[in-house]
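Turn these sequences into a full structure, and let the hints guide you.
There are 2 protein chains.
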Amino acid sequence: MQHSVLKASGHVDRFNDFMVKDVNDESKFFRADKLLEDVMDEKLKAADLTEAQRVEYTSVRNQADAYSQQELHQIFQKYKIKSPETGNDLSEPYEFNLMFPTPIGPGGYLQGYLRPETAQGIFLNYKFCLEQNSNRLPFGVAQVGRSFRNEIAPRAGLTRQREFTQAEIEYFVNPKNKAHPKFKMVKDTVLTLFHSDAQLSAQEPVKMTAGDAVGQGLINNETLAFFIVRTYQFLLHIGLDKEFVRFRQHLPTEMAHYACDCWDAEIFGSYGWLECVGIADRSAFDLNAHARAAKCDLQYKESLEKPIEREVLALTKKSGVDIMKAFKKDGRAVKEFIEKLPQEEIECIVKQLEAGTADVQVDGSSFTLTKELAVFERKMEKQTVNAFTPGVIEPSFGIDRIFASLLEHVYYARPKEEPGDDKDKQTRGVLAFAPSSAPYKCVILPLDQRIARDERYLTMMDAFQVQLVELGLSFTLDESNATIGKRYSRNDELGIPYAITFDFDTLEKDLEDLANTKVELLKQFFQAEPPKTK
Amino acid sequence: MQHSVLKASGHVDRFNDFMVKDVNDESKFFRADKLLEDVMDEKLKAADLTEAQRVEYTSVRNQADAYSQQELHQIFQKYKIKSPETGNDLSEPYEFNLMFPTPIGPGGYLQGYLRPETAQGIFLNYKFCLEQNSNRLPFGVAQVGRSFRNEIAPRAGLTRQREFTQAEIEYFVNPKNKAHPKFKMVKDTVLTLFHSDAQLSAQEPVKMTAGDAVGQGLINNETLAFFIVRTYQFLLHIGLDKEFVRFRQHLPTEMAHYACDCWDAEIFGSYGWLECVGIADRSAFDLNAHARAAKCDLQYKESLEKPIEREVLALTKKSGVDIMKAFKKDGRAVKEFIEKLPQEEIECIVKQLEAGTADVQVDGSSFTLTKELAVFERKMEKQTVNAFTPGVIEPSFGIDRIFASLLEHVYYARPKEEPGDDKDKQTRGVLAFAPSSAPYKCVILPLDQRIARDERYLTMMDAFQVQLVELGLSFTLDESNATIGKRYSRNDELGIPYAITFDFDTLEKDLEDLANTKVELLKQFFQAEPPKTK
Chain A
1081 MQHSVLKASG HVDRFNDFMV KDVNDESKFF RADKLLEDVM DEKLKAADLT
1131 EAQRVEYTSV RNQADAYSQQ ELHQIFQKYK IKSPETGNDL SEPYEFNLMF
1181 PTPIGPGGYL QGYLRPETAQ GIFLNYKFCL EQNSNRLPFG VAQVGRSFRN
1231 EIAPRAGLTR QREFTQAEIE YFVNPKNKAH PKFKMVKDTV LTLFHSDAQL
1281 SAQEPVKMTA GDAVGQGLIN NETLAFFIVR TYQFLLHIGL DKEFVRFRQH
1331 LPTEMAHYAC DCWDAEIFGS YGWLECVGIA DRSAFDLNAH ARAAKCDLQY
1381 KESLEKPIER EVLALTKKSG VDIMKAFKKD GRAVKEFIEK LPQEEIECIV
1431 KQLEAGTADV QVDGSSFTLT KELAVFERKM EKQTVNAFTP GVIEPSFGID
1481 RIFASLLEHV YYARPKEEPG DDKDKQTRGV LAFAPSSAPY KCVILPLDQR
1531 IARDERYLTM MDAFQVQLVE LGLSFTLDES NATIGKRYSR NDELGIPYAI
1581 TFDFDTLEKD LEDLANTKVE LLKQFFQAEP PKTK
Chain B
1081 MQHSVLKASG HVDRFNDFMV KDVNDESKFF RADKLLEDVM DEKLKAADLT
1131 EAQRVEYTSV RNQADAYSQQ ELHQIFQKYK IKSPETGNDL SEPYEFNLMF
1181 PTPIGPGGYL QGYLRPETAQ GIFLNYKFCL EQNSNRLPFG VAQVGRSFRN
1231 EIAPRAGLTR QREFTQAEIE YFVNPKNKAH PKFKMVKDTV LTLFHSDAQL
1281 SAQEPVKMTA GDAVGQGLIN NETLAFFIVR TYQFLLHIGL DKEFVRFRQH
1331 LPTEMAHYAC DCWDAEIFGS YGWLECVGIA DRSAFDLNAH ARAAKCDLQY
1381 KESLEKPIER EVLALTKKSG VDIMKAFKKD GRAVKEFIEK LPQEEIECIV
1431 KQLEAGTADV QVDGSSFTLT KELAVFERKM EKQTVNAFTP GVIEPSFGID
1481 RIFASLLEHV YYARPKEEPG DDKDKQTRGV LAFAPSSAPY KCVILPLDQR
1531 IARDERYLTM MDAFQVQLVE LGLSFTLDES NATIGKRYSR NDELGIPYAI
1581 TFDFDTLEKD LEDLANTKVE LLKQFFQAEP PKTK
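Respectively, the protein sequence lines represent chains A and B.
Sequential numbering of the first sequence, starting at 1081, is according to my numbering.
Sequential numbering of the second sequence, starting at 1081, is according to my numbering.
Just so you know, same-sequence chains aren't split out, so a pair can sit in one copy or run between any two.
No more than 20 Å apart at the CA atoms, straight line, and that leaves these computed lysine to aspartate or glutamate pairs for DMTMM-like: (1) Lys1267 <-> Asp1542; (2) Lys1262 <-> Glu1535; (3) Lys1264 <-> Asp1292; (4) Lys1262 <-> Glu1550; (5) Lys1087 <-> Glu1175.
No wet-lab data here; the hints were simulated from the structure.
These numbers were taken from a predicted model, which means no experiment stands behind them.
Listed below in structure tokens is the structure:
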């Protein structure tokens, strides 16, 4: 992605993490916020912790990635944080840009970066997508693909990688109307919400319906809440445990200045509560940034059913003519520039003129207006079009993190059946994938070797496999000579939710029965609930 | 992807294109092979072309990207090729590496590149994938994703981009047995084959069944031919016109030295015959390269059902003991090194010893053997395991090129119905997508505005939309007040293969009938043939 795009979006200037370095060993560097979190976690483990300390450390930990450079420095001083292994002093926090740079083209003249998020590609195509939607709002655009961030410390398996899979939806809305027509279908869903006040005062999350959360102003608007519930439904559908999914609101300090509200779906696992999806109301920030940089109009023109009358300040007709004359060849441009100015700026010029003169910049040149030349009058104007930059609600999914969490949630060890069981008997693991997320949907098992070698089985299998392929159901075979029990058990370990066993009865059936099995399977896959895991 | 991986694969050293520069204007550079093709195409257009010239120019054009640096230089001299716009002289061809470099990590110590193909990731995971297939050959691994090549001259729409979507299958086989069990299912498919002899002698492609092509040795083996047919079937399934799909064999000079055979699926369109899929038998090159670089054993160990006896040259027991003593602390290493040498190298050492001494390099040190010290004997050895590096058959799909070609093949302009038709009547385009490739599978149309506003329609639509979503069928609505004919026509232009019209009869039906429609739709999508385009 080219420099100009990521300059406009703010990534070139602001997509940074704070780093600290060991002053005696440059090869030891740390992400300042992660180091601070670790230090606070350590302090919270102390046996003689007072309640005041618990609240203080928890609050600092929760804000770790929201501090400014200056604040981080002060906090590192306050808690005397040193380089973890060596105990040496640390440098002051400094910024490190997380994008991977690369030159584009054989001349190497064009600076590019690997995209740090999929979102920017959607903003670039906003105007085209709006056209595809017959110029109607609201509409959403979704993309899934790789994003790249030059993480200072990749860690924790799939949870912090330099190359990761991201899925983002940019949902463009009228900023004055963020109601969602389908919100009524999801408003009774109960969510676990951890709002920012609760985090700052070290309280617990609360359970509440989406409808109440919007009603009480906890979640900013219906569209944001709609996507929070849809995210929740998706996470449960693929098999995550609902007791271990919660939504955490960003702290006011953590949120970008332009954002209205932002919630993370957090999933609990080996690394604690892990941020896996971010659902943000980014207001009109991105489209405005690109419109400014590319000098193109991305405003949405809404035809008003009933025109509105409003009082405006405008040049008098005579003054318009005077200006055209006064500035000769530039006259028309200056007049049109003034006519298109927002009302606030015209008010400002009028004030300047009362005190003396006002300068306007048109196409790089400066023109001086006097109160004799530029005369404004207040008049009523009929407005038939309402122009605004659409707001954006953005659910952004970290697919690898969701997948890593899923593996933890669906795994359990099968308990030995009887207290008297053979001690040497292996404890078998089970991956209880929901059909929707299982890599293999079913395993085909001949009951034993007599079946596996039967001519009829081989014939049936040929036809049956073709049917499964047509249904798009991925499957595998286990024709080994292990007992059927052992094979069931090891395919549980592989996370295969369905097994189709061929026994002697099956061989007596004809292919039509098999075809029915096929329809039966199809139904199961459309209706299947995730299996109970524990 | 790290430097070491792409160094091992040969991309760092050899993933180059030849460039030429305008000697008076460094900002004008060209891909040498593409420029040569353009020049030959121009010459082929001459009115007074002799048959000898036609053969010569066609042959040069067909080999353009197969010439060496030296050959290219000579050819550019021979035809006096100049810089196209300026007419200036051109530099000699020089190599330009097509990978995008980027530093990895905050220290910037690790050199990385954007992957130039998806294949290498599969080779890195070969061992893991083999285990997942219960250590059985053959098996295939497929991947789809973005690849990046710093093209000298991106051009021609989607056909030559710096970032593109690639889908690759690496199919690992026993190099001594490239028969394919399912080949019998595809052997009668007739293919248009453009073999290398035909290209060099400026002849036409031939039509032939896959079975005959393998039988006559035109296609190297069954597995390669199987994937050629499957590629052909895929291309037709998504809606390409079979008259404009052919398979072109790589020229011996164009093919990598290790490759057995390679065929490109070429699709005809605005840019002529365009290479869209490459289906190559890459032999064991890639796995051997990575095994050498990573110093790990990627050989496949095949248990032989019946052990083979074969005569081998081996150190005598006494000589083994002597060597261990002679080289002291290095003795064991030297003995084991000699024992593991391939038979050809042992033969070689024996010959050297007959003439004097032989040196062996073990762990960076040199050891001198004499014929008194190293005594070999011929003995019979029972072999129960056959070890080899698997060969690789690689179908590699350029998704964007296929998609661009598809758009051209499915597009046609609908002829005006009557000779007397209104002259101003717009000629309507149609995108006759096959259901499998259509972005929207169906459009829902209320017959007119009376229906669109009927309460029963709105109720039915709510339920019906949910059903279509459950089926995973993408759809759109067209409820505008244009006539039904106009709406049919404009949705043809959008490439929507099915339309579901709601009329007054529909409103009398109940939801159960709609459910039947659903099943009907499902059937259609599983069985649909691509529509006839012309």
